[in-house]
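**Q** First to last, the protein sequences are chains A and B. Going by this note's numbering, the first residue of the first sequence is number 1, and it counts up by one from there. Going by this note's numbering, the first residue of the second sequence is number 1, and it counts up by one from there.
If you're looking for bench data, these hints aren't it; they were derived computationally from the structure. Keep in mind that a hint or two might mislead.
[What the hints assert, rightly or not] Using 20 angstroms as the maximum straight-line C-alpha spacing, the simulated EDC-like pairs for lysine to aspartate or glutamate come out as follows:
(1) B:Lys28 with A:Glu509
(2) B:Lys19 with A:Glu503
(3) A:Lys254 with A:Asp348
[Stated by the list, open to error] Which residues of chain A face chain B? A few of them, derived with a C-beta cut under 10 angstroms, are:
(4) Thr507
(5) Leu540
(6) Pro544
(7) Thr551
(8) Phe574
(9) Ala578
(10) Phe645
(11) Arg659
(12) Ala683
(13) Arg686
(14) Ala711
(15) Ser813
(16) Ala817
(17) Ser821
(18) Ser823
(19) Lys912
Think of the CB as a built atom: it goes at the ideal place given N, C-alpha and C, for glycine as much as any other residue.
Listed here are the chains, written in short residue letters.
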Amino acid sequence: MKYFIWLFFLLEICCRGMAQKTGQPDTAKKLKTMALDSVIVFNNGYQSIPKDRATGSFTHIDNATLNLQVGPNILSRLESVTSSVAISKKGGGMPAITVRGISTINGPTAPLIILDNFPYEGDINAINPNLIESITILKDATAASIWGTRAGNGVIVINTKKGKYYQPLTIDFNSTIQVVGKPDLTKLHTIAPSDFIEVEQLLFSKGYYNNQLTSAAHPVISPVVELLDRQVRGLITPAEVNEKIAALRNTDVKEVLKNSYYSNALNQQYALSFSGGSAKMAWSAGGGYDYNLSGLDEVFKRKTLRFENSFTPVNRLKLSASVYLTGTDTRTGKDDYGTQDYLYPYSDLYNRKGKPLAFGRTYRQAYTDTLGGGRLLDWGYYPTEDDQHHYSTMQTTNLLVNVGVHYTVWKGFSVDAKYQSELQHAQKRTLNDEQSYTARYYVNLFSQINPVNGLVTYNVPQGGVLDITNSDIRVNNYRGQCNYAGKFGKHRLNALAGTEIREIHNTDETYRTYGYSTDLAIGSITDFKNRYPLITTGELSQIPGGENQFTDQLKRYVSFYANAAYSYDNRYTFTLSARRDASNLFGVATNQKWTPLWSAGAGWQISNAGFYRSAFLPYLKLRATYGYTGNADPSRSGVVTVFAFNNSSVTGFPGYRIRQFPNPHLRWEQVAIANFGIDFGTANNRISGSVEYYRKKGIDLFANALVDQTAGIASTGVVKNVASIRGSGVDISISTLNTNSAFKWGTSFIFSYNTDYVTQSYLTNTSGIFYINDGSTYAALKGKPVHAVLSLPWAGLEHNTGNPQGYVNGKVSTDYAALTSNSLTVDDLQYNGPGLPQFFGSISNDFSWKGFDLHINLSYKFRYFFKRKPLNYGSLFLNDKTSTSDFGSRWQNPGDEIYTDVPSLIYPLISKRDDFYTQSSAVVEKGDHIRIQFVNCAYNFSFKRKNDALHGWKMQCFVNGSNLGILWRANKHGLDPDYAVNAIPPSKAFALGFRLFFQ
Amino acid sequence: MKILIYAFVVMLSLGSCKKYLDEKPDTKLLLPASIDAVQGLLDFETTMNLQNPGTGEVSADNYYVPGATFNALSSEAVRNTYLWLDDITLNEYANHWSRLYDVVTIANVCLESLEKITSAPSEQAAWNNARGAALLYRAKSFLTVAGYWTKAYNTNTAASDMGIPLRLNSDYEMVSTRASLKDSYDQIINDLKAAATLLPDVPRHVMRPSKPAAFGLMARTYLLMNNYDSALVYADKFLALNAGLLNLNNLSAAATYPFPVYNTEVSMHTVIFTPSILAVSRAIVDTLLYRSYDPNDLRRSLYFKNNGNGNFSFRGSYNQNGTMFNGVAADEIYLIKAECMARLGKINESMATLNSLMITRWKTGTFIPFTAGSVLSALKLILNERRKELIFRDLRWMDLKRLNTEADFQTTLYRKINGVMYTLPPEDNRYALPIPSGVIAISGMTQNPR
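Chain A on its own, in the form it takes in the complex:
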């Protein structure tokens, strides 16, 4: 707290001094500026369009809304505060962020991110949300087509905080400290320790482990199997075994991890910015510092510095420049639960004396304990300590430099030239120091012990293993643009035309050093060429990591664009936009490089019409647009292309692979969008909002063509412009001011509806089994959504055996070969529903009274499906330590089939029985749910009295809660459908924040 007070006074003193020097502009001009500020202006990256004259579908998200959530990633703050934007945390094939659903099947799905006029190629985490003023989302063709072939998935325009002319000195400071609780692993549905032991005992009695126990590869043996084996070999009495196993049954690794492994996470954010302006100059400067420490000791640090200046030396000329420098530092921490393949459900991390336990990761411990007769290094893996010796650090520096000239040639004619350079350098260092498991493992593995004198030869030098990856991104953007803005009576014309050149150059290189000493920063020479015997199996092997990796990629785009808007009497607006793009995408024939994309729009502000007299709805506007955007995938090519691999380690010859088979008809994907919108506002904006309906059609979409494996192209497949999809949806956002007295209560409703279905797809009459899908990847089945959940029809469990049953030719069957046969058609599948929510949105209530402000946001997602992790006996037998707790509720006795769908345990395994069950609709769940997205509670101090010592300052303290939990969900297993099947949903997080504002 001391820190804040100090800073506070320091700022006060220096700002007052500066304010006196720059001098306050006259009040009239100041008011004018302020009035202009309150008009919402959409920025599409090329121009600013006032809301009244916009026909396209734009969404503007202001600073206050962005500040409602406290995430360190700017995109995460869009969740649940705007319509049409859906965020998925599932990973895998699920697009992480979508604007108005899916527009493609097989092409890139990410929206285009624009940071201050130019596409942003760097790491999204490098953008500090505290330095962002607003975000504009471009949703339909009129809004987005100016971005051409990259706009097919929507465009998100991020605008940083900038100074304005005639703006008095403004200071903005904020700090946030967030605490995230430990993950509650006990809520994960993983197999119970005693169940896991039961399976191991059963498999042991069947001889399942015999091969592993006698294998020359000496694979890791679980503690229970080791005990049982020792019992068989007479090394331990049955009584001792029983006692030890009983103890293991009572150890739950999830409890152990929760109590002595995970800790609370702490996230801190500080940001400070200054801005101001006079008649000739506007400037802003700011900086931020973030420090996040996760529950697994992962570190994320971000430092940002930003300076921006606009200068008008003579009346017609405006010069602008900005510099944005970001440095991020990350460091990995301990292994997360679920990635720890060495931990059994009954593992403990410490022995009874509290000393860390060692785990075998590659070889059986009983084997490595005696191998080498004590001359080798310890083979044990210590999960509680290894993160001190094995970690990756990543340092990223991102520099954005922007310069621009705007010159008014004559009356409404002006020209613009802009240049932006983006440089990002990242270095990732993965260090496994001398004491790390990995370093000890490699040193041991390639050690040779002389049988005569016992001397050890180290073919991998003793010391650490260091992997370094350097990556660089260099982006150059050049833009030249002519503008016209004119008004003749009631006619108003705004037009622009320009050209743009853009070049993105990526390079990276990776290399490995053995024998690295952290103290001295030196490595050793290592022989990567010759083969050495492994100490374990005697097989000859090269020391891995000898091949340095290099990447060098260059993408170039040349574009022409034009845009015109005509409006009459502030009532009718017509817009037209066109763009052509070309790029150096390999192999695409030149005549197909230039794809014209266009859009047209019309807007009618009824409320400005002569006849319109409505006291109830003083503001009413109708909009309609139609047009095309595109989606280009730089990895596709029209001719056979070959990819250079490293030189062979055996022959030394360069080895190439075919990356793509010829596909001469390849084109870019196109998305046609029609949008109809109504904007309205009642008197005093008591109720205001917009309703939009859109239809879109993706044509010439990339899709995999199914080709017989005899054609020999199964390694790459072949993609053609053969698919098309249709989609439609509704975006509604309505804000109401329910009470407007001392106690203010406002509600905002956000509702999005989005559906899509495949109208044309190449994969029509083939085997149904290919289409079975949990919704995370595309199924591309005609008539179904792109992300559809499809499964095999389920007929329950058999009464006598607990075998899963399906339907063969309409009859209940357990013929698993037939049930999972390739001859099944798509008609044999059950369509469960869409994999992406069709209805989603939020309801937020904002209460304020005196200085208090309370904001509660509830979000919902309806009408979608997911698959829970099915019990797969095959993987359970293969030691899936995080197999599902469904094992506990499996069929065990006749009659159990009434309350369970989980098949009985059988041995030997019938893998097709597993295949059938895991692909059946028995494991499909409804995703519908309502959650508390966040709660924000603030208290505002303002110092309005002239004689107040803190006159001009505003202060706000706030508390923010997120991940507060699900209020209602459709699935009965307590699963959070927003997260991947095995992921640990984040714990409740609370933040305490402080904001200062001076003007």
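Since chain A is already given, all that's left is putting chain B on it; use the hints.
**A** What follows is chain B alone, placed relative to chain A:
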């Protein structure tokens, strides 16, 4: 400011636009439009040499697995292959069929590219080498496909027997059809003949095809076609270039894997992408087969590892690890030569050939040369040694198929698993393995009868 002017100049001069956009997007990308690029495709040994399917070996009788090991195998496709059942393909990439046809397609892309390249005289050798290699890889893949998925070759019926899909260009739109067995083998022979005229006598590395490798494969192909005259001709041509043999007395039984990789016998190095059931820890060498090695036969100790419980595993791979070698090596060619001579009635010469190989296999001073009084006894001796020498080379399945057509050499295979006895009588339909059902579904080709 300069940079802005530059930008304008670039933007306005559309003429330079084409050049600006002709830069490749990834430095690692190239078109297969040069001999070097084609050679690079052929030199990618991971695909071309190291991922041969071992389905024939899985089906054959060199080994067995105990019930517990069998039950613990996760791949049902592998378990079904072991028991000669129907469903032996995992319906995914990569399977035994796609691995072989991937090589065919790469070879076809190379051949098509080479057609378009007019080579300078100084590059003629490189061009020849690339074309020869592509032809050889294609033929070798076709030969394996024929060995697995067709019946034994019978000269009288081959013209009407079902062969294999002969994909001779890289057009993936072409629908696959099965050629006749005769056409299939003729294609293999033609490719190999053409390859032999183009390839060098000595390759720069044994991963690369060479003239002796082409001769060796031709000898192998003619033997499978029961054309002993031609097989003998090409065996001799091979041995004229590559007759060197290992003397097993020089190898150390103390090493985990005693046979050095790329040794003198190897003329072309390829290996099997080991199916799980054939892993050293699982496959146990057939007991009678193991016992048939003479105590003075060095292969008894160098080929096999004693598991300590009366079981033996194979450790004699020419890849010097647990991965099985299936390339072309001189020992096989000696045995082809000996067999052909015996079949052509030249008993003494055939025994001399056999003995010249066998003396290198026996402990020095203990070898008693083989003799035979009749063609049949000579053949029995040779075929017995052939089986023992070429164990786990993925040749046994084709040998079983071929020899089962002769009354004197018929074998019935047995597997006993979980109390059930599985039997494979000679000339059973199941010797032609089932083609993956996905391939049949898309192409509409005729499946092998069961």
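**Q** Hint by hint, say whether it matches the structure.
**A** We went through each hint and held it up to the structure:
Note on Lys28 of chain B and Glu509 of chain A: the hinted pairing holds, with a Cα-Cα distance of about 13 angstroms set against a maximum of 20 angstroms. With a C-alpha separation of about 14 angstroms, the suggested pair Lys19 of chain B and Glu503 of chain A falls inside the 20 angstroms cut-off, and the hint holds. The suggested pairing of Lys254 of chain A with Asp348 of chain A holds, with an alpha-carbon distance near 9 angstroms, which does not exceed 20 angstroms. Annotation: Thr507 of chain A was flagged as interfacial toward chain B, and the flag holds, the nearest CB pair being 9 angstroms apart, inside 10 angstroms.
Evaluation of the Leu540 of chain A hint against chain B yields a held restraint, the C-beta minimum of about 6 angstroms falling below 10 angstroms. Checking Pro544 of chain A against chain B by beta carbon gives a least distance of about 15 angstroms; that is not within 10 angstroms, so the hint is violated. With a least beta-carbon distance of about 7 angstroms to chain B, the hint placing Thr551 of chain A at the interface is held under the 10 angstroms criterion. Interface restraint check for Phe574 of chain A: the shortest CB-CB distance to chain B comes to about 28 angstroms, outside 10 angstroms, so the restraint is violated.
With a cut of 10 angstroms, the hint placing Ala578 of chain A at the interface with chain B is violated, because the nearest CB-to-CB distance is about 17 angstroms. Because the closest C-beta pair between Phe645 of chain A and chain B is about 7 angstroms apart, less than 10 angstroms, the hint holds. Taken as an interface hint, Arg659 of chain A checks out: its beta carbon lies about 7 angstroms from the nearest beta carbon of chain B, inside 10 angstroms. With a least beta-carbon distance of about 50 angstroms to chain B, the hint placing Ala683 of chain A at the interface is violated under the 10 angstroms criterion.
Given the 10 angstroms rule on beta carbons, the hint for Arg686 of chain A is violated: about 50 angstroms separates it from the nearest Cβ of chain B. A least Cβ separation of about 4 angstroms between Ala711 of chain A and chain B falls short of the 10 angstroms threshold, and the interface hint therefore holds. Look at Ser813 of chain A: its Cβ only gets to about 17 angstroms from chain B, farther than 10 angstroms, so that hint breaks. Taken as an interface hint, Ala817 of chain A checks out: its beta carbon lies about 6 angstroms from the nearest beta carbon of chain B, inside 10 angstroms.
Here the hint on Ser821 of chain A is kept, as its CB sits about 8 angstroms from the closest CB of chain B, short of 10 angstroms. Given the 10 angstroms rule on beta carbons, the hint for Ser823 of chain A holds: about 7 angstroms separates it from the nearest Cβ of chain B. For Lys912 of chain A, the interface hint holds, since its Cβ comes within 10 angstroms of a Cβ in chain B; the closest pair sits about 6 angstroms apart.
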